[in-house]
Amino acid sequence: DAKTTQPTSMDCAEGRAANLPCNHSTISGNEYVYWYRQIHSQGPQYIIHGLKNNETNEMASLIITEDRKSSTLILPHATLRDTAVYYCIVRVRNNNDMRFGAGTRLTVKP
Amino acid sequence: EAQVTQNPRYLITVTGKKLTVTCSQNMNHEYMSWYRQDPGLGLRQIYYSMNVEVTDKGDVPEGYKVSRKEKRNFPLILESPSPNQTSLYFCASSLGGRELFFGEGSRLTVL
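From first to last, the protein sequence lines stand for chains A and B. Going by this note's numbering, the first sequence opens with residue 856, and the numbers climb by one from there. Going by this note's numbering, the second sequence opens with residue 12, and the numbers climb by one from there.
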């Protein structure tokens, strides 16, 4: 599976959009981009995934560049409860092997 | 409610005393996996199971055993725990390679 690069940490003001970048320059054509988050020491929680089109669900939006070498997770109106570590993972869709990196620690500030 | 349940959530034990951390899911998922999480090292996969009676080593299997006799259960066994197995453990499951569902974690301390 392709490796990903994420910033170690980011801050965001409450109520503003949080934009979390992820680089995956070696991504293969059949690899999806997945995002999870982990609040404090709870189990990681699935957020969203996509292949090449932008995706949106009730939690977030995922923007994937046309060359698929990077993506951005967008939390449109961040709240204090969105403070967490966010993981970007790329893998083949039906491959159960999910490798977590260090992620980005997002702190939402009042 | 769809969930992955781990027990115990917290455990303090002593070196060499065998212990089992149970994991159960109620979503009829074929795939189950165990991770450990340590400061600075992120989540690392210990063992995984693609289905009943099928298990494979992950990245850090040493000192651990697993079994998958039933689809819903995937216990993690520490035959002779050592202090370096002090960690936060997570069980996860998924259906057909889709998103993983995680348990709430089991914090283990080995003295």
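Accuracy of the hints is not assured; some may be wrong.
In the DSS-like style, the derived pairs of lysine-lysine whose C-alpha atoms are separated by at most 30 Å in a straight line are [what the hints assert, rightly or not]: (1) K76/B with K858/A; (2) K82/B with K28/B; (3) K28/B with K858/A; (4) K80/B with K29/B; (5) K68/B with K29/B; (6) K858/A with K924/A.
Honestly, the hints are just simulated from the structure, not real lab data.
Verification of the supplied hints:
1. About 28 Å separates the Cα atoms of K76/B and K858/A, which keeps this hinted pair within 30 Å; it holds.
2. The hinted pair formed by K82/B and K28/B meets the criterion: a straight-line CA distance of about 27 Å does not exceed 30 Å.
3. Of the supplied pair hints, the one linking K28/B and K858/A is violated, its CA atoms being roughly 38 Å apart against a limit of 30 Å.
4. For the hint linking K80/B to K29/B, the alpha-carbon distance of about 20 Å falls within 30 Å, and the restraint holds.
5. In summary, the hint linking K68/B to K29/B is supported, as the alpha carbons are separated by about 20 Å, within the 30 Å threshold.
6. In summary, the hint linking K858/A to K924/A is supported, as the alpha carbons are separated by about 11 Å, within the 30 Å threshold.
When each numbered hint is compared with the structure, a violation occurs for hint 3 only.
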